[in-house]
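S.K.: Residue numbers (the numbering used here), protein chains in the order written: chain V, 354 to 734; chain E, 354 to 734.
Any given hint could be a false lead.
As the list makes no split between identical chains, a pair holds if one copy fits it or if it spans any two.
[What the hints assert, rightly or not] List of simulated lysine-lysine pairs, DSS-like, C-alpha gap at most 30 Å:
(1) Lys393 - Lys708
(2) Lys606 - Lys417
(3) Lys395 - Lys606
(4) Lys531 - Lys369
(5) Lys369 - Lys701
(6) Lys664 - Lys606
(7) Lys393 - Lys606
(8) Lys395 - Lys417
(9) Lys646 - Lys664
Please keep in mind that the hints were generated in silico from the structure rather than gathered at the bench.
This structure is a prediction, so every number in the text was calculated from the model and none was measured.
Protein chains: 2
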Amino acid sequence: MREVAVLGVGQSQFGKLPERSVTDLGREAAMAAIKDSGLKPKDIQVAYTARIVEPMVTGQTILKEVGVTDIEMINVENACAGGSTAVRGLWKDIAAGFYDVGIAIGVESMTTSTFARQLIPPAKDDLDGQLGLTMPGIFALLARRQMDEHGATLEDFAQVSVKNHHHGCLNPMAQYQKEFTVEEVLASRMIVDPITLLMCCPNTDGAAAVIMCSMDVARKHTTNPIKVAGSVLLSADYTYRQDDITRSPLGGKAARMAYEMSGVGPEDLDLVELHEAFAPEEILRYEDLGLCKPGQGVDLLRSGATWVGGKIPVNPSGGLLALGHPLSASGVRTVCEVALHLRGQAGKRQTPEAKVGLAHMLGGAVAGLEAGACGIHILTR
Amino acid sequence: MREVAVLGVGQSQFGKLPERSVTDLGREAAMAAIKDSGLKPKDIQVAYTARIVEPMVTGQTILKEVGVTDIEMINVENACAGGSTAVRGLWKDIAAGFYDVGIAIGVESMTTSTFARQLIPPAKDDLDGQLGLTMPGIFALLARRQMDEHGATLEDFAQVSVKNHHHGCLNPMAQYQKEFTVEEVLASRMIVDPITLLMCCPNTDGAAAVIMCSMDVARKHTTNPIKVAGSVLLSADYTYRQDDITRSPLGGKAARMAYEMSGVGPEDLDLVELHEAFAPEEILRYEDLGLCKPGQGVDLLRSGATWVGGKIPVNPSGGLLALGHPLSASGVRTVCEVALHLRGQAGKRQTPEAKVGLAHMLGGAVAGLEAGACGIHILTR
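Just need the whole structure built from these sequences, with the hints factored in.
M.R.: Put into structure tokens, the structure is as follows:
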């Protein structure tokens with residue numbers, strides 16, 4: 354397999370933007386990534402586009418506006434890991450030598466979707482979902498268990514929101530740029546006990562895009578290429594039908610595979626972008642990714658290490674909580690964020706001397722579904 | 354790249370089956386393909402699943418029912434070419450050596466979808482679609498132009514339906530198994546002049562699946578492996594915003610690429626399965642695929658060559674018109690059909706001594722969209 358590089362990154366406006374179409378948002382992100390890469394639209398040889406909500410040749414409609422045509426285009430879906438799936442597909446195509454240059458796009462219009470307003474509805478033949486176990490309900494069960502098993506407190510959950518909203522204030526592309534206190538997070542409207550409104554990621558429209566290429570091509574355009582050292586996509590049964598619902602066997606296994614592939618370990622990471630659709634989840638992901646020992650996620654949070662300026666900043670972008678979470682866009686956007694840090698272009702939220710970063714996304718814990726996808730990319734320079 | 358083989362094929366019941374879920378249909382097809390391959394669910398290392406209508410980790414929900422877990426799973430969408438996209442993704446993974454064995458599934462529940470009942474609605478920012486140019490309208494424009502440019506008659510269009518419905522009578526898996534006359538087709542309800550009801554593919558629920566593997570693995574399980582000699586997926590602007598709407602530059606280019614890759618030409622084909630969502634379309638596809646010269650599709654049809662028993666049977670399965678068209682399933686199902694003929698297992702519709710076959714699918718000509726996908730696979734033995 355050949356070495357693969359990230360050459361360009363781009364993001365659209367993120368926010369509640371019902372007046373902007375998916376094509377419009379996707380075009381903004383794609384154009385930004387192409388411009389950032391220094392390449393031309395005609396240099397793109399393959400395109401992967403991720404979207405969950407009402408998809409129909411989404412990549413084609415976006416890319417014709419950008420002037421990209423006559424190439425292989427694949428549209429993918431993998432719940433919140435759809436963006437990671439697009440990046441992984443592109444990585445495989447370039448690593449294997451099918452193509453030298455391609456684009457991965459993730460996009461959603463959540464505010465215009467009936468589907469999204471239902472907090473992710475149950476599958477038609479899923480009894481648990483029909484009984485009301487939507488996404489916030491699942492994560493509330495997980496949070497309660499974290500409190501019982503690992504001594505997590507409501508204040509800990511609130512602290513994740515406080516941290517990521519602080520990070521959002523450092524990121525001009527974030528949907529929300531407002532500081533909150535623990536008290537404000539806890540006093541916000543209760544959604545599913547113990548999860549309050551400010552512990553939930555917002556409903557967000559937006560898109561992200563990344564240009565990837567063979568290392569040979571990258572070296573012609575930059576003296577400081579960002580390498581995709583690890584790329585993993587894995588699906589398995591998980592969440593609450595297991596002995597300990599505070600563990601994610603899927604996420605843990607995917608992380609171990611990514612570390613083995615890239616030859617780096619969690620101790621080598623300079624920053625992490627991960628899936629925290631609800632604040633309590635971030636603590637669980639610390640453990641999945643081996644940033645701390647199992648059950649010690651709360652201690653890691655309390656240590657302050659995961660703040661920008663700490664030992665291992667987590668979600669310096671603001672994460673899903675503050676930056677926003679257009680489902681399929683997030684798995685691409687996290688790769689963009691890590692690349693920006695490795696390039697030293699992350700502005701006020703920059704991780705100093707960042708050389709290794711990890712972009713994680715986990716999806717598909719739809720009510721009662723148990724079977725999702727975890728995508729992990731490790732970037733190095 | 355390594356040689357890739359088709360080892361197992363399977364299809365669910367096709368029909369109006371609102372009582373059956375996507376999971377249920379997908380499981381039937383996947384189980385059939387796994388059984389047909391002689392492998393076990395645990396042998397499957399990667400899964401591609403195609404679905405347009407209301408997707409959400411569809412492959413994962415199907416495969417957990419089949420006992421397949423802890424592998425990479427990718428869900429894809431590419432309009433009617435979604436199934437071809439799944440097959441192409443799997444081909445690439447095996448050809449490049451990422452995996453040795455995998456499954457591609459295509460599935461739709463059309464009768465339970467609001468979306469499908471709208472005859473494919475326009476994209477949100479598509480003016481032509483909003484003005485009413487849905488799928489039957491587009492193909493009616495094409496048909497009128499075929500009449501003007503190439504001397505096609507209403508009887509020719511009806512004859513395509515008569516042929517494919519005759520083929521459906523030879524296929525126990527077809528949705529419709531009833532003979533029609535030219536007069537009956539022409540007398541059926543007018544949908545969009547000149548397209549009558551019996552010139553339209555029906556609204557169909559169903560699934561298809563294929564097990565593919567490296568040639569090394571295939572040779573351990575069969576003495577007569579079916580080789581995937583050509584695999585192409587291409588997207589480009591096409592349909593009616595071009596000089597001659599009876600040409601498909603996209604389909605023509607994809608076909609030339611597939612012939613070049615596989616080292617066979619249209620003259621070598623023993624059978625073809627292709628996309629004929631509306632009867633007039635089949636004649637255009639003869640020309641795209643080089644089965645005849647441009648503008649001579651009508652002559653090829655009138656010659657009788659494309660009937661079962663003719664020189665180059667087209668849609669011996671019954672095609673989309675009689676077998677049915679669960680959008681994303683069709684691109685997988687056409688590959689299954691070609692494989693059955695090459696194995697000599699196609700029953701009453703068997704193409705004698707078939708050695709080379711082509712499976713074609715074209716999608717995304719959504720009202721005003723112009724940008725679709727064409728998937729072509731050439732199988733040989």
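S.K.: Hint by hint, say whether it matches the structure.
M.R.: Here's how the hints hold up against the structure:
Taking identical chains as interchangeable, the C-alpha atoms of lysine 393 and lysine 708 lie at most 30 Å apart only when both belong to the same chain, with a minimum of 28 Å there against 43 Å between chains. Taking identical chains as interchangeable, the C-alpha atoms of lysine 606 and lysine 417 lie at most 30 Å apart only when they sit on different chains, with a minimum of 18 Å there against 38 Å within one chain. Proximity of lysine 395 to lysine 606 under the C-alpha cut-off of 30 Å is restricted to the inter-copy arrangement: shortest distance 18 Å between copies versus 38 Å within a copy. In this homomeric assembly, lysine 531 and lysine 369 come within 30 Å of each other (Cα to Cα) only inside a single copy, at 16 Å, whereas the closest approach across copies is 52 Å.
With identical chains, the CA atoms of lysine 369 and lysine 701 are at most 30 Å apart within one copy only, with a shortest distance of 24 Å there and 58 Å across copies. Proximity of lysine 664 and lysine 606 under a CA criterion of 30 Å is satisfied intra-copy only: 24 Å inside one chain copy versus 54 Å between copies. Proximity of lysine 393 and lysine 606 under a CA criterion of 30 Å is satisfied inter-copy only: 23 Å between copies versus 38 Å inside one chain copy. For the homomeric pair lysine 395 and lysine 417, the shortest alpha-carbon distance inside one copy (11 Å) is at most 30 Å, but the shortest distance between copies (41 Å) is not.
In this assembly of identical chains, the alpha carbons of lysine 646 and lysine 664 lie at most 30 Å apart only when taken from the same copy (16 Å versus 68 Å across copies).
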